[in-house]
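Trainee: These protein sequences, in sequence, are chains A and B.
The number in the numbering used here is simply the position in the first sequence, starting from 1, with 657 added.
The number in the numbering used here is simply the position in the second sequence, starting from 1, with 9 added.
Honestly, the hints are just simulated from the structure, not real lab data.
Where hints are given, some of them may not hold.
To be verified - Think about it this way: if two alpha-carbon atoms lie no more than 30 Å apart in a straight line, the pair counts; the simulated DSSO-like pairs of lysine-lysine are: (1) B/K39 to A/K943; (2) B/K31 to A/K704; (3) A/K943 to B/K54; (4) B/K31 to B/K49; (5) A/K943 to B/K45; (6) A/K873 to B/K39; (7) B/K54 to A/K704.
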Amino acid sequence: MDVESSIKERLAFALKHVDLAPSYRELLFSVSGNYLKAQLDHFQACKPPVYLPFLCCEANEMGSQRAVGVSSAWFLLQVAAHLLDKVEDQELEKIRMSLRGKGMCTNLSTGMIFVAEWILNHLELDCVDAGAAWDIQRAFQETVLSVCSGQHLDLSIAAPDLPTCWEIAEAKSGAAFALACYAGARISTHQSDQLYHLENFGRYLGTIVQISDDLKDLEWDNTIRKKKKTLSPLASAFLLHIGENSAGISTPPVNNSEIPIIQNSLILYLRLEAMKYAEMARNELKVIQLAQTPQDQMLSILNHLSWLGATVN
Amino acid sequence: MTLATIAYRISTDVSFAAMLQKNTEETLHKAGIDLKVDEKTALQKILALPGQISQAGNFSYTAEPWAAERQ
Chain A
658 MDVESSIKER
668 LAFALKHVDL
678 APSYRELLFS
688 VSGNYLKAQL
698 DHFQACKPPV
708 YLPFLCCEAN
718 EMGSQRAVGV
728 SSAWFLLQVA
738 AHLLDKVEDQ
748 ELEKIRMSLR
758 GKGMCTNLST
768 GMIFVAEWIL
778 NHLELDCVDA
788 GAAWDIQRAF
798 QETVLSVCSG
808 QHLDLSIAAP
818 DLPTCWEIAE
828 AKSGAAFALA
838 CYAGARISTH
848 QSDQLYHLEN
858 FGRYLGTIVQ
868 ISDDLKDLEW
878 DNTIRKKKKT
888 LSPLASAFLL
898 HIGENSAGIS
908 TPPVNNSEIP
918 IIQNSLILYL
928 RLEAMKYAEM
938 ARNELKVIQL
948 AQTPQDQMLS
958 ILNHLSWLGA
968 TVN
Chain B
10 MTLATIAYRI
20 STDVSFAAML
30 QKNTEETLHK
40 AGIDLKVDEK
50 TALQKILALP
60 GQISQAGNFS
70 YTAEPWAAER
80 Q
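Please model the entire structure based on the sequences and the hints provided.
Mentor: Pasting the structure below:
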């Protein structure tokens, strides 16, 4: 199946059926399409994350074509969350020049969320029965709220401790990827054990993605903080935790020369956590019966992302 | 959160890192660190990487570059 064409066709179909200014319709379509193409082009070693709903549907012995609506809606939410994140974190310089205005970016994200909602309201196009469609919409709405809640904690707690950092990670990317797997699987099965374990697989995979995002921020911080020489909130939480929990290890105060060592140990810590979450994700798939090929492809995504740039795949 | 402790000690204590690579179980036991199964598996995979484990956090990497369409 041509995933790119299928998603773009569904998006075009949705946009055609709502009354929008042509320029806004065009922007929604082009930005979504560009992000989709970028994701598909980037992942060479494994399937990209947008495949997850398709794979989870297929893993339960159902044709992946029926997951087009769910995958399209999930991808739109992924892009909307990414854009909103950049507005809320005041990192608009990280996105395309034409979207760098806060108002433009926020309005585009809002549009994407409601186009996703429109698509979810028309899952009959994929022959999804009414009961499953209702449950999928419920899952989408609850997940969006969970992500907003996680983002609220992220924005409002100036100095979160390490457990709170993990709580935020699971509430944001963890919940979003759990949704991808749950919604994809829900099209093809209503067996609660299958749904439960696939949802957990997605949650752990998503937490790994959040870890990789944190690592990227650290790299960014290393660049912009060269003059400031201060620690990121995550590095501060890590250091605080070490000081509180490790007998015989003295941590703060940290002088400037110690910052690279702290960053290095934090990166190692995040890699270890990513590997741990990957192990937990693998264990979720071991206890359920899935079709072999999609299962292998899901594991390939997991293996690739959990190595965080190491040359394994 | 004991993985945090281990990561910090590996990065700041070369002898601990070397002992951990040589005999993981004994070193963890001596340090009074009790890991869960998933954590131990993760640690063993990192320890199995070639090169000095104390440098394992020092690598260049990019996340979600598909989303970083800077123009």
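Trainee: Could you run down the list of hints and mark each one as holding or not?
Mentor: Evaluation of the provided hints:
About 33 Å separates the Cα atoms of B/K39 and A/K943, which puts this hinted pair outside 30 Å; it is violated. For the given pair, B/K31 sits about 37 Å from A/K704 by alpha-carbon distance, which is inconsistent with the 30 Å threshold. Simply put, A/K943 and B/K54 have alpha-carbon atoms about 19 Å apart, close enough for the 30 Å limit, and the pair holds. At most 30 Å may separate the alpha-carbon atoms for a hinted pair to count; B/K31 and B/K49 meet this at roughly 15 Å.
A hinted pair counts as satisfied when its Cα atoms are at most 30 Å apart, and A/K943 with B/K45 qualifies at roughly 18 Å. The suggested pairing of A/K873 with B/K39 is violated, with an alpha-carbon distance near 35 Å, which exceeds 30 Å. Between the alpha carbons of B/K54 and A/K704 the distance comes to roughly 23 Å, so the proposed pair stays at or under 30 Å and holds.
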